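Asker: Take a look at the letters that make up each chain.
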Amino acid sequence: MKKVLIVDDEKDIRLIFEEIFRNELGFDSVTFAGDGLEAYTECTLQKFDIITLDHHMPFLKGAEFLTALRNKPGINQHTPVIMISAYLPELPETIKTIENTYFMDKPVDFTRLSRYVNMSVK
Amino acid sequence: MKIADKPLNEAERIAVLKKYEILDTEAEAQFDDLTNLASYICGTPISLVSLVDSERQWFKAKTGLEASETPRDIAFCAHAILNDEIFVVNDATKDERFYDNPLVSGSLRLRFYAGAPLIDKSGHRLGSLCVIDQRPRELTKEQLESLKTLSKIVVAQMELRLELKLQIEREAFIQKQSLQMLQSAKMSALGEMAGGVAHEINNPLAIIQGKVYLAQKLLSHPEANKEKILDGLRRIEATTERIAKIVKGLLHFSRDTGHASMEMMTLEKIIEEIMVLSEERLRLNQVEFRINQVDKVELECRPVQISQALINLLNNAYDAVFGMPNAWIELSAVCKDDLITITVTDSGAGIPDEIAEKIMRPFFTTKGAGKGTGLGLSISKGLIEDHGGQLYYDKNSEHTTFVITIPRFQRLDRKSA
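Protein sequence lines correspond, in order, to chains A and B.
Residue numbering for the first sequence follows the numbering used here, beginning at 41 and increasing consecutively.
Residue numbering for the second sequence follows the numbering used here, beginning at 33 and increasing consecutively.
It is possible that part of the hints are untrue.
[Unchecked claim] Cβ pair distances, simulated, as ranges:
1. B:260 to A:137: 14 to 24 Å
2. A:132 to B:390: 54 to 64 Å
3. A:98 to B:198: 23 to 33 Å
4. A:155 to B:293: 49 to 59 Å
5. A:137 to B:296: 49 to 59 Å
[Claimed, not checked] Straight-line C-alpha distance at most 30 Å; calculated DSSO-like pairs for lysine-lysine:
6. A:162 to B:249
7. A:42 to B:249
8. A:51 to B:249
9. B:126 to B:173
10. A:51 to B:413
11. B:260 to A:43
12. B:328 to B:413
13. B:184 to B:197
14. A:51 to B:328
15. B:197 to A:51
16. A:51 to B:173
17. A:42 to B:301
18. B:301 to B:277
19. A:43 to B:184
20. A:43 to B:258
21. A:162 to A:43
22. B:277 to B:180
23. B:34 to B:180
[As the list claims (entries may be wrong)] Here chain A is said to cover these stretches of chain B; the calculated rule only asks that three of the stretch's residues, wherever they fall, bring their Cβ under 8 Å from a Cβ of chain A:
24. 294-306
25. 310-322
By construction, these hints were calculated from the structure, which means they are not laboratory data.
Since the structure is predicted, the reported quantities are computational estimates derived from the model, not experimental observations.
We put the beta carbon where it would ideally sit given N, CA and C, even for glycine.
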């Protein structure tokens, strides 16, 4: 059973991603998080196959969440992440070298997204 | 006829004369007054302020003469500028240098000439203040002295005139520069928002794009779920409206408003428009925004300028409380006795006195390098004062409070009874 965690503060975007992951990419389990803190909590509860991550969110931004995720031992420490930002230049330089992470612009190129997911999830 | 020699420093002298930017300018009363006075004192019908240009003498002021210039070859003044002393010809018909000069033999019938050179502060003789008569004469010692004194006043007037001209040019330059500065300060405020704008527009675009993508997928099935597709289209519609609203807000903010006209606008509308631009940033950074009270009144104003001042206050408040626990910003806009009072309060603890007294000065900023231009408050204050209002820091507030007051009506005849 393939599991995805979708992190975005915009409900419409979460729902679109859900449909794509369920209908196109064959995921059975979709979990939502509305900000970095919620995402971090979800990551301690279950192992995901992939995480899509927005940056610009309240409480804990995407990049901060990602840094915390990779630095702390846990079940999702090495889970592939697709960072999707509406404004890539605002991402801190330090996260651009983090392992197993893809970067994408909003609006999203869904063909590329599918390719990343298929490459990352066996 | 003897043509006057040219002074040894002629090229330099001409250059100095040109610097006064006086040749071929309109008559000016302060020079006319001096020729009138010279002709009165010396009892001559004609008096001239003559400036000796390379090929002509040109008259800045003239009493009793129509001509505005003559060729330099026949000019008496060309002789007068060869010496620091007054040049006098008592009877030109008996002077071998002048008896056949067209000014003497022609219809002007010049007989008497006395010219005091116009010596400027660099020592150059630029022309002369002269008096002319059509009969032979002599001047008394007092008249000659007076003519010399008047010639100094002519030069002083020329120097004053130049100084004034330079001053006006300097002021125009400074004004132009500060206009450009104002525009670039506005643009950099816009730049600060650029990141936020990318987010504001790209997110809804992502929604539209996602819905379109899903609708295409749905339509490719033989039995397309119409209801689902319609729902997607409705979301797309709502989302485009959201983008349009943002773009409108941006255009609204960046417009050059120098010549905008006054219009009636409700307080609510002004505040709603600034919220479109500020809300997202405040929400994302956990700054609670509270609107306490907005009276339902119209006011006469340039709405964009009021928005610009308010956005500036909100940006400052945001910068001040950013990162503070339980940060909040509060806004209220009330109308009493035709006076609108808008207050913006943030959860900060106020501004220390030594800083508070400087904040309205242009270029004063406490924000980090590249973060603030130091122009926001001074520009905003100017915009509000243009409306006959005030913008000030309320030092009696427990928190950090800025107050804008604006009269509800700009023209007296509109004032409600």
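Asker: Is the Cα-Cα distance between residue 260 of chain B and residue 43 of chain A 30 Å or less?
Answerer: Measuring from Cα to Cα gives roughly 25 Å; hence the hint holds.
Asker: Is the hinted pair residue 126 of chain B and residue 173 of chain B satisfied, with a Cα-Cα distance of at most 30 Å?
Answerer: 22 Å, holds
Asker: Can you confirm whether the C-alpha distance between residue 51 of chain A and residue 249 of chain B stays at or below 30 Å?
Answerer: 21 Å, holds
Asker: Please verify whether residue 42 of chain A and residue 301 of chain B have alpha carbons no more than 30 Å apart.
Answerer: Measuring from Cα to Cα gives roughly 49 Å; hence the hint is violated.
Asker: Holds or violated: are the alpha carbons of residue 34 of chain B and residue 180 of chain B at most 30 Å from each other?
Answerer: Holds, because 25 Å separates the two Cα atoms, which is no more than 30 Å.
Asker: CA of residue 162 of chain A to CA of residue 43 of chain A, is that 30 Å or under?
Answerer: Satisfied, since the Cα-Cα distance of roughly 12 Å is no more than 30 Å.
Asker: Tell me if the beta carbons of residue 137 of chain A and residue 296 of chain B are separated by a distance inside 49 to 59 Å.
Answerer: 57 Å, holds
Asker: If you draw a straight line from the CA of residue 51 of chain A to the CA of residue 328 of chain B, is it 30 Å or shorter?
Answerer: 33 Å, violated
Asker: Residue 51 of chain A and residue 173 of chain B: Cα distance at most 30 Å?
Answerer: 101 Å, violated
Asker: Is the distance from the Cβ of residue 155 of chain A to the Cβ of residue 293 of chain B consistent with 49 to 59 Å?
Answerer: 55 Å, holds
Asker: Starting from residue 301 of chain B, check that the Cα of residue 277 of chain B is at most 30 Å away, please.
Answerer: 13 Å, holds
Asker: Tell me if the straight-line CA distance from residue 197 of chain B to residue 51 of chain A falls inside 30 Å.
Answerer: 65 Å, violated
Checked against the numbered hints given earlier, the structure breaks hints 1, 2, 3, 10, 14, 15, 16, 17, 19, 22 and 24 and satisfies all the rest.
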